[in-house]
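Input sequences plus hints: build the corresponding full structure.
Single-letter residue listing:
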Amino acid sequence: MMAENTPNTENAEIGESLFEAPPMGEQERMVEAILFATTEPVTVKEMSERMPHGCDPAEAIVTLRKRYEGRGVNLVRVGDAWAIRTAADLGFLMQKETVETRKLSRAAIETLAIIAYHQPVTRAEIEEIRGVSVSRGTVDQLLEMEWIRFGRRRMTPGRPVTFVVTAEFLDHFGLENARDLPGLKELRSAGLLESRPPPGAMPGMPEADEEDPSVSQSEMFEE
Amino acid sequence: MMAENTPNTENAEIGESLFEAPPMGEQERMVEAILFATTEPVTVKEMSERMPHGCDPAEAIVTLRKRYEGRGVNLVRVGDAWAIRTAADLGFLMQKETVETRKLSRAAIETLAIIAYHQPVTRAEIEEIRGVSVSRGTVDQLLEMEWIRFGRRRMTPGRPVTFVVTAEFLDHFGLENARDLPGLKELRSAGLLESRPPPGAMPGMPEADEEDPSVSQSEMFEE
Amino acid sequence: MMADADFEEDTPLSVGDRLAAEALIIDVDGYEGPLDLLLTLSRTQKVDLRKISVLALAEQYLKFINEAKDLRIELAADYLVMAAWLAFLKSRLLLPPDPNEEGPSGEELAAHLAFQLERLSAMREAAAKLMARDQLGRNFFVRGLPEDVTRIRRVTYTASLLDLMQAYARTRTKDEFRPFVMDRDAVMTLEQALERMRGLIGYAGDWTGLESYLPEGWETDPAKRRSATAANFAASLELAKIGQIEIRQGEVFAPIQIRKKARNDG
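Residue numbers (this note's numbering), protein chains in the order written: chain C, 1 to 223; chain X, 1001 to 1223; chain B, 2001 to 2266.
Worth flagging that the hints you see were computed from the coordinates, not collected in a lab. Mixed in with the good hints, there may be bad ones.
To be verified - Where chain B lies over chain C, by a calculated footprint (3+ residues, C-beta under 8 Å):
1. 26–39
2. 86–96
3. 117–130
By construction, the Cβ of each residue, glycine as well, lies at the ideal position given by its N, Cα and C atoms.
This is the structure we're talking about:
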C-alpha cells in the first residue's frame, strides 16, 4: 500500500513496471473529482486506494491546491484529510435572502410623516401630535430603514434628541427637500384633510407624554 | 434586472451610482462558490439574487465554464440552470458514491423515452405509440422520480393532460435541454415524431382511453 | 427470451423457422400487445422496416394466432382484434380496389401500420440510447458535501408619498382642523335615504308620518336625526316627483305624511 503512495521507495519499480501511472494532470483531475463528490474529507490514503495503481495523490493535491488558490472554493486540510470548501470571504453567498415587502404600519407612517413635516422633532412632540405614545419599535424600525436619523439635541431641559429624515427618505419619496412636502393648505385642497375623523371625539392631549413636557405648542407648529 | 446586466442602458446609472459591481474575476469566484456549494442546479436569476447588486452571473459563467473544461469537475447546463458535476470519464473512482437507481421496467423506460421525444404528449398518444395501455403505476413511478411532470392540457376534446420531462430528468441524463436528446434530429426528419392519425379504421388501443374520447371503440371497428 | 435459430447454422432454415415460431407462441405472455408482437415478427423479414411487406407480416401474424389457438393458448382479446383487422387488411391488399368503397385504401392502412412499427422501433432504440447515456449518480456525481444555504427572510417596508401625506393629514385632523371635517358617521345621504324608502313604501298602506321612516338608531342623536330627516325629506320629494308616492302636510310645521301612489290611479 505505502509503496504506491511513495514511488521513490525501493519497491516502486514493482508498481511502475506493471502499470504506467496516469500523467499528473490526470491524477489532479481524479483528486478533484474525488474531493468534489465525496461526502466527507478524504485522506491521501483513501484517495490512492481509489485511484489507479502508481498514482501519487499527495503530489496531485499540492498542484491542485495551488490551482484553487484565490478561487471561489479552496482545497483545505481537515485533520489528515482534504476537502473542497467555499472561500472564507464568500460565506455571505451561502445565504439566500427572500425579501418581503410590506406596507408600513399606520403608527410608523404617521410617525414618519410627523418627523418629515416637523423636523427636527423630539419624541415627545411626536406623541403630542399623534395623541398616543410612540413605541420604541416604531422609531427603531424607521431608524433601521434609514428613513430617519438622530438630529441635534434640543437645547431644552433634558436635552432630548430630535429626529430628522434622511437622504434615503427623500430619495424614496422622490423629494428634493422635506420642504417640498405639500403644506396643510394643499393637503386640504387635495381632499386629504377631510378624509377620516378620529375614532374618538376631540382628543385631548395624550396620557403618554412623560418624556418632555417642556416643549411648547407654539414652538412645535411654527413653520 | 436587465439594466444591471447591461450597464449601457439608460437605467444604468441607478445601479451604478449606488453600487459598484465587483470586478468580473470576483464575480466568477462568487458563481464558483455558489455552484460548488449545492447539489441542485442553480439558475442565473437565483445567482444574481444572492450576489451583490450589479453582478452579471451569466457572463461569469461563460469564463468559469471555460476554466473547468477538461478538469475533474465541469460546469454543465441543465435547462436554464447551471451545476457542477464530476467528469463522466472519472465515474470509476466513485464506486462509493454510486447510488442504486431503482430498476425501471421496460414499459417505464419506453414511456419515459416517448415523453422525452414527443413532449408534450398525452397518455392516449403514448398508448398509441406503444400499442398497449399505459399502466397507472408506470406513470406514477416516473412522476415520483420527478423525471416527468404534467404539462399543459391539450386543447382537444376532453382536454387531456400532457406529460413533459423535468429539469431533474435533464440533470440525470446529462442533457442541457430536451433538444439534445440523442438522435432527436434524425427521428424528426424521418417523420417519426409526428403524430399521424390512423387513417380511418385501425385497431388502436386495446382499451379506449377515457381521457381521450376521440378514439372510441365504436369508431375503431366500423366498416 | 426466445431461442435464436441462427446459432445453428447447419440446421435447415425451415426447422429454424419452426423453432422460432414455436418460441414465439410459447412466449406469447412476453409480448406487450399485438404491436410488439408484430414488430418482433417483422424482424424475421430481415429488411428495413420501411420496406417491410405488410401483407407478409399480416400472414405471419394470422399464422401465429392460428397456431396459438391450436395449442389452446389463451390469447387476450386485443390479439384477436388485431387478427381480425389484419385479415381485413389482407383482403383489401389482395383484392382490386372497389371504386365505390368509402374509407382509406388498403395501401394507406398498410402504410400506417408500417409507420407505427417503425415509430415503435425507433422509440425503443431511443430509449436504449437514453439509458446508455452517462447518468447522474452512476457516471457523474453531484457535490458530496453540499453547504447549507441559510434562508434569510427579510421584510422591507414601503410607503408611498400619498400614504405619508394621508398619515399626516390624519394626525392633523385630530385637533385644529377638526371643525372642517364632515362627520360622515352622522350623515345620511340622499342616495341612502332613497334606497331605503323605495323598499319601505310598499309596506306602509296608508298615510304615514315621514318620521317613522327614520332608520333605527338615528332618532335619538340630534345630529343624526337632523341629517336623516333632511335626507328622507329630499328622498320623498324625489319619489313624489317620479310618481311613486304622494305627500301631504296638514299645516305649516305639521308632520309630513307620505303614502304609496296607487299603480293605476290615472
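Hint check against the structure, violated hint numbers in rising order:
No numbers; nothing is violated.
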